[in-house]
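**Q** For reference, the chains in residue letters:
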Amino acid sequence: MATTAVPTSISSDSMPSDPYSGIWGWITTVDHKRIGILYLYTALSFFIIGGLEAVVIRAQLQGPNGQLVSAEMYNQLFTMHGTTMVFLAIMPLSAAFFNFLIPLQIGARDVAFPRLNAFSYWVYLFGGIFITVPIFFQLAPDGGWFGYTPLTTRAYSPGINIDFWVIGLQILGVSSLAAAFNFITTIINLRAPGMTLMRMPMFTWMSFVVQFLVILAFPVITVALVFLLFDRFFGTQFYAVAAGADPLLWQHLFWIFGHPEVYILILPAFGLVSEVLPTFSRKPLFGYPVMVYSGILIGVLGFGVWAHHMFAVGMGAIADSIFAVSTMLIAIPTGVKIFNWIGTMWQGQLRFTSAMKFAIGLVALFTIGGISGVMHSSPPADLQQTDTYFIVAHFHYVLFGGSIMGIFAGIYYYFPKMTGRMMSERLGNVHFWLNFIAMNLTFFPMHFSGMLGMPRRIYTYDSGQGWDTFNLISSIGAYMLVLATAIFLYNFFMSRKRGEVAGSNPWGAGTLEWTIPSPVPEYNFAVLPTITSRYPLWEGTEEAAESARINSQEGKTSEELGIVLPYSTVKPMIVALAMVIMFCGLITTMALTFLGAAIMVLALYSWLLSPLEPEHH
Amino acid sequence: MSAPAAHHYTTTGLDSRKIAIWAFIGSECMLFISLISTYLIYKGRSIVGPFPHEEWTSPDGRHFEPILDILVTSASTFVLLMSSLAMVLALSAVQNKNLPKRTRGERILGSSKLWLWMTALLGATFLGFQAYEFTSFVHEGLTLSTNLFGSSFFTLTGFHGAHVTAGVIWLVSLLAIDYRRGLGPADALNVDIAALYWHFVDVVWIVIFTVVYLIQ
Amino acid sequence: MKGNFRLRQFTTFGFVALAALALAACAGEYPNTTFEPKSELARSIDFLWDRLLLLGTIVFVLVELALIYVIFRYRRRPNDNTTPPQTHGNALLEVTWTLIPAVILIFIAIPTVRTIFETQSKVAAGALEIEVIGHQWWWEFKYPQYNIVTANEIYLPAGVTVNFKLTSADVIHSFWVPQLAGKRDVVTNRTNYIWFTPDSTLGPSVWNGFCTEYCGSSHANMRFRVFTVRPEQFESWVAGQQQPAAFGAVASAAPPEGTPTRPQSGTGAAGGAAPAIPRPPGSTVPGADSFPAPAPIGDGATAQLAAGYTFPEHLPEFAYARPNSALPRGLTFSKGLTGNAARGMQAYNTTACIGCHVITGNPMSVGVIGPNLTHFGSRSTIGAGTFPNTPAYLALWIKNTRAMKPGSIMPTMGTNEYDPILKRTVTIGGLDDQQIADIVAYLMSLK
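Protein chains in written order, with this note's numbering: chain L, 1 to 617; chain F, 1 to 216; chain B, 1 to 447.
Derived from the structure by calculation, the hints contain no laboratory data.
By construction, the Cβ of each residue, glycine as well, lies at the ideal position given by its N, Cα and C atoms.
Which stretches of chain F does chain L cover? Using the computed rule of at least three CB atoms under 8 Å from a CB of chain L, they are:
1. 10 to 16
2. 30 to 42
Cβ-to-Cβ under 7 Å is the rule here; a few derived chain L residues that face chain B:
3. G144
4. L151
5. P284
6. V290
7. G348
8. Q349
9. P379
Make the full structure from the sequences, and use the hints.
**A** This is how it looks when you write it as structure tokens:
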């Protein structure tokens, strides 16, 4: 195991350095590490907003016949809670890790297209603002996060609310797609010498699968949204029932995107767990090839199960049966992962750091969510479960107990690499237990209220239905989650300034990113490492250890090492802003659309015609 | 595209932009598959006409012929196919720019400007055909909002036309570079990527033409 | 980790909480439980659920136990710095734990597919046909075999197969009565079917129904009632529903369009002995769609009740079905007013009500946008299950529907009332409280 170098200095804000300092430095950055940190902060902010929306929901549902918010406000709240958490919180939290971590894990200096990377972030930020601001004016989207037609057509939702939703999601889709092209290229083409695909760290592998899901699934929702946008703005008839349109067209298109989307949400967390568990078991991941193949299989099969969201629409016995069986099939590779994780810990030497606790938490809680998922896979049984709180319980177990737990594990684990400091383990312990208990308090009772007849998406329920106690417990759990998250945020920000200084490998981990200093120098690797195993720090050859030793040296600048870095540039941000302005024109005035398009094209030409980095040989 | 970048280490030995364009094309396939599928789902389900292959009499007595003109569209399809040929020649001209050209024929074949112009012009001609078709349909009573056929037809072919337009702009940009400093083998990758995109757009049209116009 | 104590504390707490929840689910008042099926469809669903629960619990226990074991057994002891065995995998083990879940899933897949085909097969002949039309935010129910149109509640004879034909007038809704069946979506431009047979042993019972597909502002307020009753009670109810309005009905020469004609005996006075309803097997009712006549209900030897049976929802054992929705703040109504039904009918016939509602026997009231009100007085709730059907609630409902039910299309009929959709104080219907009281008396008399 490489010894951890004692850092000689930490820059004042513990963040990677950049030629431009201050705010302008962050606006013009094309450094994947900085972009990852931007994603992290922005996503955490939206996570808080989405969480507060949930708290109001739970306060309204705390007791029967609640009158805290109006029906209209409640419908906006649950729509925005879902939309925010899926598109503005969990996906970007994963993107924070894609950005920060993938080049470090594969031995690259940056992603394949650094400026496109910055562009993705700015589009996300502006799109996120676009879709979030309306709720402060009580104009937020109110069609549910999956926006079924014909409810969301102009005929039944005449106001501007759904327009924000349709346009906002199109904008966010551009961000995800651009990032996906970037990461696919990066992972295929920028792996260090010797890093074959089957030596890649699991997080990079799972992220690789996710990017393919993005590029194949997002175009489908793009088309679904185009149809809705055209219907609402240009009078097309795609979802117009009077013209004979089929409302199920939207549902099929949406869920062909929507189901791969949930695997997009969980696979990165799976990848993070597959990094954390081996480190704190001091053993390699059990069954690495199977873990890779099961991830790929989940991705592929994930395109064949979408209609299990539609078991109640009356597709017919044959379609129901096919999708039931395909859904059951996908449980197999998913379950295998759980067993392999337990196998990783078996006979290991387990250290229960905060990261490890959250990783184990995912294993424990995702199992519950996975089991309830299998329960939904049987259409006749699902006819009692679908559109009830039983489903709400399921997806919160897999998304909160799964994705969020995994992301927290990743944050505790990689915080030292990002900032050069450790988060407080004491506070992390409190955060974990509070979170674990509160999460179960909030969502476990929903299994019961759902099977006892409580439908989804109702702003109020009557007394005497047998749901009162369950809802009260859920609401108490939700308030506890606020406390848990507050403790986490305090820990995060406090540790940035006052956390214990970390070396390059505070955890004794084995993968490539732990060979370089913390925080990571701008150029990542002084020399391109040579890879000879999956765990270079645990199993490498002498040659690999030598490049690791060189790369762990601190205090060198890129000039000293003769490494040329890309120019910082504001052009990606301008193009992103112009694009969003262009979309804004749809709901304000067409003049804005032309203005935005003009600026976008000009800035795009400027970007494409200017070099990425200084000339060098 | 920016000036050719200095050679960086890559795992595959391919330029990253080559890989990226293939990923992009894969994504675009899904886009057009969704649009074409919707067209097929709504085929024959419009309540009112005009219809693509059948005639129709409206309740107030107006008579509509089948609105698609397969002959004219076959011509535009041929034009687009020829533009792909021109694109192949343009790429070849750029790749072989530095080879000596002895005969007049070799000089003609080796003129990147000529073939880039041809590609762009043929592409623009195709767009001209599309514009003619769209306006004549509107005159004949088929718009985006007339019926399911109008909505799905115009959206599908409109998206394709927008992709062709983007391609034409791309080609003109390459032409501008060719006039300014000349395109040579070092630019072959950029032209190759443009060509890949152009051929993809052409293939998509083959599918659209078959599904919409030929199959009844 | 902070020692075993914390974990043991939590585990104990967890089990106790689980047990409490589990017990709670089995005991007490759960009127909408899916665990006590009351039809053969609900039972075949419940069979699958039991199997899923059993297998799921087994997997859950095994996995979590393995996890807990590993956490305890392999935790790092203090000062232990040895490197554990660097196992990379075990092919046999991995194959095994891939195959076992596959086998478990077969035990789920086979009964699943069988049940799918059984429950979605064509309904047997002779079923009771009910058409369900979902509206924002109320349920229209038609019995085409009997020429009945009603809203927000249905009566089902125990032991008789009923086939629901589901369509929507606007957006997607979903039809769900948890104790009787799974749900089926109600989709525009599409006809769905669901059929089941309420148990023949059921005595008069009321079941709550819900819309379970988000459909806009008052999705939560789109509830309905299902009354399963004895066959003779059903016959009586049908007979009553087939009569024209119980108050002020006119034997009109030109019936409202869409309302099939029926031979009537005298103007409708509720409570009189009804004539026997002719139901020759195989004959269709004049004016109705052609439906096969339903199988004779009961064995023919059951007692015949007087027409106009309604479910005794006021009985204490059915308290769970009575809505308790909170009244919105700011609604007032003058106290001490007495309504007059005849005056009320006059007022009704001169306001906008007639443009949206049908009352068979009232030739003025021909609107088809809102619920059919012919037998409104016999219904148990107003606003699709949101408020009890009493004069006090009905008066407020007429005065300011939109405050009572968010998003409601029905206009504000009172004077100087705040309209939450138009967001200002309006006088649209312009009715004063006395006029409303009269209309209330009229509607309540339509038993």
